[in-house]
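Trainee: Since chain A is already given, all that's left is putting chain B on it; use the hints.
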Amino acid sequence: MTLAAFSVQNFGAQAQEPRRGGTIRFTAPYAASFVSNDSHVSNQIQDDIYGKALHRSLYNWDSANNKPVLELAKSVEVSADGLVHTFKLRDDALFHNGRKMVADDIIWTFTRLMDGSKSYPAARYVRLLKGAIDVEKGQAKEISGLKKIDDFTLEMTFTERTEPGFLFNAATTSIYPAKEAQAPDFFNKPIGLGPFKFVEHVPGSRMVFERWEKFYKPGKPYADKLVISPMGEAAARDVAFRNKEIDVSILGPTQYVAYKADPNLSKGILEVAEVFTRNMGMNPGFKPFADKRVRQAINHAIDSELIIKRLVRDKAYRATGWLPLSSPAYDKAMQPYDFNPEKAKKLLTEAGYPDGFEFEWTATPNESWGMPIVEATIPMLAKVGIKVKVKPVEGSALGGIVAKGDFQAYIWSNTSGPDPLTAMKCFHSATPQSACNYTTYKNPTVDKLLDEAGTTGDVNKRLDLVKQANAIVYADAPVWFFNYNKAVLAYQPWLHGLQPNATELALQYFEDLWIDASSPAAK
Amino acid sequence: MLPYVFKRLLQAVPILLAVAALVFVMFSVIPGDFASTQSSDGRSVIDAEAVARMNMQFGLDEPVHVRFGKYAAKLLTLDLGTSFRTRQPVVNSLSERIWPSLQLAMAAMLFAIAFGVPLGFLAALKPGGWVDMQSMVVAVSGLSLPQFWLGLMLMYTFALLLGWFPSFGYGDGNPRYLVLPAVALGVAPLALLARTTRAAVLEVMNADFVRTARAKGNSEVRVMRWHVARNAAVIVLTTLGLQFGSIMGGAVVIEKLFAWPGIGSLLVDSVSLRDIPVVQACILLLVLFFLIVNIIVDVLCALIDPRIKYS
Numbered sequence: 001m002t003l004a005a006f007s008v009q010n011f012g013a014q015a016q017e018p019r020r021g022g023t024i025r026f027t028a029p030y031a032a033s034f035v036s037n038d039s040h041v042s043n044q045i046q047d048d049i050y051g052k053a054l055h056r057s058l059y060n061w062d063s064a065n066n067k068p069v070l071e072l073a074k075s076v077e078v079s080a081d082g083l084v085h086t087f088k089l090r091d092d093a094l095f096h097n098g099r100k101m102v103a104d105d106i107i108w109t110f111t112r113l114m115d116g117s118k119s120y121p122a123a124r125y126v127r128l129l130k131g132a133i134d135v136e137k138g139q140a141k142e143i144s145g146l147k148k149i150d151d152f153t154l155e156m157t158f159t160e161r162t163e164p165g166f167l168f169n170a171a172t173t174s175i176y177p178a179k180e181a182q183a184p185d186f187f188n189k190p191i192g193l194g195p196f197k198f199v200e201h202v203p204g205s206r207m208v209f210e211r212w213e214k215f216y217k218p219g220k221p222y223a224d225k226l227v228i229s230p231m232g233e234a235a236a237r238d239v240a241f242r243n244k245e246i247d248v249s250i251l252g253p254t255q256y257v258a259y260k261a262d263p264n265l266s267k268g269i270l271e272v273a274e275v276f277t278r279n280m281g282m283n284p285g286f287k288p289f290a291d292k293r294v295r296q297a298i299n300h301a302i303d304s305e306l307i308i309k310r311l312v313r314d315k316a317y318r319a320t321g322w323l324p325l326s327s328p329a330y331d332k333a334m335q336p337y338d339f340n341p342e343k344a345k346k347l348l349t350e351a352g353y354p355d356g357f358e359f360e361w362t363a364t365p366n367e368s369w370g371m372p373i374v375e376a377t378i379p380m381l382a383k384v385g386i387k388v389k390v391k392p393v394e395g396s397a398l399g400g401i402v403a404k405g406d407f408q409a410y411i412w413s414n415t416s417g418p419d420p421l422t423a424m425k426c427f428h429s430a431t432p433q434s435a436c437n438y439t440t441y442k443n444p445t446v447d448k449l450l451d452e453a454g455t456t457g458d459v460n461k462r463l464d465l466v467k468q469a470n471a472i473v474y475a476d477a478p479v480w481f482f483n484y485n486k487a488v489l490a491y492q493p494w495l496h497g498l499q500p501n502a503t504e505l506a507l508q509y510f511e512d513l514w515i516d517a518s519s520p521a522a523k
Numbered sequence: 001m002l003p004y005v006f007k008r009l010l011q012a013v014p015i016l017l018a019v020a021a022l023v024f025v026m027f028s029v030i031p032g033d034f035a036s037t038q039s040s041d042g043r044s045v046i047d048a049e050a051v052a053r054m055n056m057q058f059g060l061d062e063p064v065h066v067r068f069g070k071y072a073a074k075l076l077t078l079d080l081g082t083s084f085r086t087r088q089p090v091v092n093s094l095s096e097r098i099w100p101s102l103q104l105a106m107a108a109m110l111f112a113i114a115f116g117v118p119l120g121f122l123a124a125l126k127p128g129g130w131v132d133m134q135s136m137v138v139a140v141s142g143l144s145l146p147q148f149w150l151g152l153m154l155m156y157t158f159a160l161l162l163g164w165f166p167s168f169g170y171g172d173g174n175p176r177y178l179v180l181p182a183v184a185l186g187v188a189p190l191a192l193l194a195r196t197t198r199a200a201v202l203e204v205m206n207a208d209f210v211r212t213a214r215a216k217g218n219s220e221v222r223v224m225r226w227h228v229a230r231n232a233a234v235i236v237l238t239t240l241g242l243q244f245g246s247i248m249g250g251a252v253v254i255e256k257l258f259a260w261p262g263i264g265s266l267l268v269d270s271v272s273l274r275d276i277p278v279v280q281a282c283i284l285l286l287v288l289f290f291l292i293v294n295i296i297v298d299v300l301c302a303l304i305d306p307r308i309k310y311s
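If you read the protein sequences in the order shown, they are chains A and B. Counting in UniProt numbering, the first sequence runs from 1 upward without gaps. Counting in UniProt numbering, the second sequence runs from 1 upward without gaps.
Extracted from the complex, chain A is given alone in its bound form (with noise of 0.2 Å):
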């Protein structure tokens, strides 16, 4: 279900036998430092990277299938209600000290998740299991659904009916040695489950690893050694992409348009659907946007394929519902709301606004959501009679004024996936705006779709139950759906292995990954 597009040439060279040794030379895009050398204290995809080299969760994720799969269990059994999943442990996953990991590592390390007292990022999903929510609040020091029948079989009891991969795949859970964890100084030198043993970490330059030889794939990792460079500046990686000083790079619109052109670069570009929506969100408070008509009508009256092509230079796929191409409740028939100004003013005047109105729109300086896009959007609203003042924030300023409701119209990417039924419930009238309703959107029938599509242990009934409610939401247009991302990866010949991973392209399982001896790092 993935849209991934790999080149031929990869392809041809995915089909070439693994070589082992040499050194992979990754980068992390996404600022100029790593939080820490623990993965459980920051949910930014920045240390998503390193964490999947170090360590590895109850899940990973299945980028070929787009979907989440067992990691360090080898079976789960669930229970008729859906409430009960008994997980078969992996014996062969050892720590990078050579201890095998049991069930107490992985109970230890969700109670350490629900400590109170340290607000950790991944306690939102362990609070879906029985209990976890008293051990937050100190009522409790153990999570009662949490059960160890024997080392390698955990059982885990949760509040509601819920698909635990799309809670424990990411490295913010990834599984800590119990013991070893509370030493003092284990996080200046960490050990986890992952195929990579953590070597230096030099904060704002690089973090090192090596092979862990006991990794519990056989024969991986390939490469002997992995070095990852926070490189934030996209300039300046564009320039050690092309040096052949590190092995990948995410690219940005301008710099997409300029590897596809180059002869030699773009045989090395691989594209992804993301799970992100490109929206505009329109608060309900500010009257004209209470009324459909008008939150429709400016959907017909910008002209979204425009600005993709010329402005996010085709890095984008047009948006026609809020689930984006990867999900796997995507629905294929669904058409784009047309670029029809006409429908817009007459949908406007049917409103009670024949001579439009003025809203204040905020938005960041982020050249593929941010700014830039709203100022196209200017002349064509305009065109309709719809005045924008713009209202500029810095990045991160805008979460917390969403989330507080303190805005007309916003414009951002929100995760849109992997979870269809997750993302839709930030369309329920019961989630909060500070969570994830940030419009306020509020509908009986999408309420009652997705309550059934979260008691309901038929997958493709649930699917269909979330497809209704997209359809639902994509009519009200509580947002003007604007793009889905289309996430680019350049990559040099040699290396070999990459996935398309649409829930982060950046996000790449290294034990996969292998370099062709005509790299300079190949030795």
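Worth flagging that the hints you see were computed from the coordinates, not collected in a lab. Take these hints with a grain of salt, some might be off.
As the list claims (entries may be wrong) - Here are a few chain B residues that face chain A, going by a calculated C-beta distance under 8 Å:
#1 Gly-32
#2 Gln-57
#3 Arg-85
#4 Pro-261
#5 Val-268
Every residue gets a Cβ at the ideal spot worked out from N, C-alpha and C, and that includes glycine.
Mentor: Frame of chain A; chain B shown alone:
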């Protein structure tokens, strides 16, 4: 001299407290807080309950004056607090970053002194001459070129085209990694030093005591070394001290561009994540560094020129 140094150090305390208060107030009034930055990239959502818990944990739910009181009290005991994002003492983060920042600042300053002072001196020897004209071009360019752009151009030319230096990173102590960021950071101070040196030398060369020295039959080399250079050095040294401020400020851009693991890149990340204790500590450290450098400069000026008396 020692009482003077001690007095200057004491004077630094209220300056640091004033800076701390200013930074504190600024980060209290600008939009955004640590909890809300957790979802600022739109990837993950964070509910109000979690935000409230975080704010309580980090003391952000208290009134500004209470928070500042607690912060100032801690600061007086040299406790810089705990980082919101790493949950570790701020001093740990700083200690990892000080040495790379010092390396970069010193290298940039050495570059600026090594090229800026001789260029200014040579320009002053023949005002309006070829060297003087060239020094003007260097000065105007060096002061007007944006550091970010200059850094990229250096990367492009000396890493990509010529392959002489690596384009980014810290390396394993190999000075090759230091060259490009140090040059990018040092060009602006070089330009200013060149112009300051030129002006200082010209001024001293026209002074009465230089004319007297020449009239007494001193050789030109001796006049330049003992009378011109020594007297001009005071002005140049003072400029040098002030330039450390711009060096440390420029490091914020350059360190991020070259993936250099210093205080600058730590500061950038901490600002964007609203990790206020780290931001405050970084700024205080930069201010303290600037103050100390200027005290050292004052002492050196007094040693060079006995007419300068500090009391």
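Trainee: Would you mind marking each hint as holding or not holding in the structure?
Mentor: Tested hints:
A cut of 8 Å between beta carbons decides the hint on B:Gly-32: the least distance to chain A is about 3 Å, and the hint holds. Evaluation of the B:Gln-57 hint against chain A yields a held restraint, the C-beta minimum of about 5 Å falling below 8 Å. Here the hint on B:Arg-85 is kept, as its CB sits about 5 Å from the closest CB of chain A, short of 8 Å. Interface restraint check for B:Pro-261: the shortest CB-CB distance to chain A comes to about 4 Å, inside 8 Å, so the restraint holds.
Interface restraint check for B:Val-268: the shortest CB-CB distance to chain A comes to about 5 Å, inside 8 Å, so the restraint holds.
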